[in-house]
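Counting from 1, position 159 in the sequence shown corresponds to residue 158 in numbering that gives the first Met the number 0; the numbering is continuous, with no gaps.
Simulated from the structure, these hints should not be mistaken for lab results. Watch out, some of these pointers could steer you wrong.
Calculated lysine-lysine pairs in the BS3-like style (CA-CA distance at most 30 Å, straight line) [as the list claims (entries may be wrong)]: (1) K159 to K92; (2) K55 to K118; (3) K159 to K60; (4) K159 to K118; (5) K159 to K93; (6) K93 to K60; (7) K55 to K159; (8) K149 to K93; (9) K55 to K105; (10) K118 to K93; (11) K118 to K105; (12) K105 to K140; (13) K93 to K36; (14) K55 to K93; (15) K55 to K36.
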Amino acid sequence: MERRELFSSLTSSFQKKEQVESILRPPYYVNESAFHKECINCDGKCSNFCEEHIIKIGEDKTPYLDFSNSGCTYCDECALACNEYNVLNIEDKKQINANISIDISKCLSWNQTMCFSCKDPCLDDAIEFIGMFRPEIISDKCTSCGFCIKTCPTNAIEIKVIR
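With these hints in hand, go ahead and build the complete structure from the sequences.
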């Protein structure tokens with residue numbers, strides 16, 4: 000193996016690991032390796048049963064969340080649909096593997112324009128305003144459901160995958 004090939008293979012393996020670690024998974028997941036072991040044998044039942052249509056199936060046949068049109072209600076339907084493979088387990092009440100934050104440089108309210116677009120759809124009342132113009136996400140209340148993401152007109156709501 001030439002030096003160039005060696006470095007190329009090392010770089011690509013690091014990139015693949017980084018991509019896997021940045022995938023936003025549905026709630027109730029048992030562990031990351033279960034997706035790659037079991038989902039390849041499934042026809043995407045979790046996606047078909049998702050009432051909000053936010054579960055998509057990637058090229059690797061594993062599910063991921065897309066909050067561009069809606070958020071997660073934690074209705075349990077995805078986990079119930081996955082009972083055969085046990086990748087999503089209804090008894091494991093794990094929330095979505097992400098933290099939500101507000102980029103104050105993009106946020107209209109933080110920049111002195113009245114806006115409540117993130118607060119209004121929040122099912123958990125996890126966004127509170129300090130004064131009139133300073134929304135903050137209360138991490139103890141936030142379930143990372145994603146409803147605030149699609150409604151923000153300036154894309155100031157950021158989501159970061161956590162492990």
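Comparing the hints with the structure gives:
About 20 Å separates the Cα atoms of K159 and K92, which keeps this hinted pair within 30 Å; it holds. Between K55 and K118, the direct Cα distance comes to roughly 26 Å. Compliance with the 30 Å bound is thereby established for this hinted pair. Pair hint K159 plus K60 holds up; C-alpha atoms about 22 Å apart against a cutoff of 30 Å. Restraint check: the Cα-Cα separation between K159 and K118 comes to about 19 Å, which is no more than 30 Å; the hinted pair holds.
At roughly 16 Å between alpha-carbon atoms, K159 and K93 fall within 30 Å of each other, so this suggested pair holds. Among the hinted pairs, K93 with K60 is consistent with the structure: their alpha-carbon atoms are about 21 Å apart, no more than 30 Å. For the proposed pair K55 and K159, the alpha carbon gap of about 18 Å is at most 30 Å, so the pair holds. A threshold of 30 Å between alpha carbons decides the hint, and for K149 with K93 the separation of about 23 Å falls inside it, so the pair holds.
Simply put, K55 and K105 have alpha-carbon atoms about 28 Å apart, close enough for the 30 Å limit, and the pair holds. Restraint check for K118 and K93: satisfied, since their Cα atoms lie roughly 23 Å apart, inside the 30 Å limit. About 16 Å separates the Cα atoms of K118 and K105, which keeps this hinted pair within 30 Å; it holds. Distance hint between K105 and K140 is fulfilled; the C-alpha atoms sit about 23 Å from each other, no more than 30 Å.
Distance check on the hinted pair: K93 and K36 sit about 20 Å apart at the alpha-carbon level, within 30 Å; holds. At roughly 19 Å between alpha-carbon atoms, K55 and K93 fall within 30 Å of each other, so this suggested pair holds. Annotation: proposed proximity of K55 to K36 holds, straight-line Cα distance about 18 Å (limit 30 Å).
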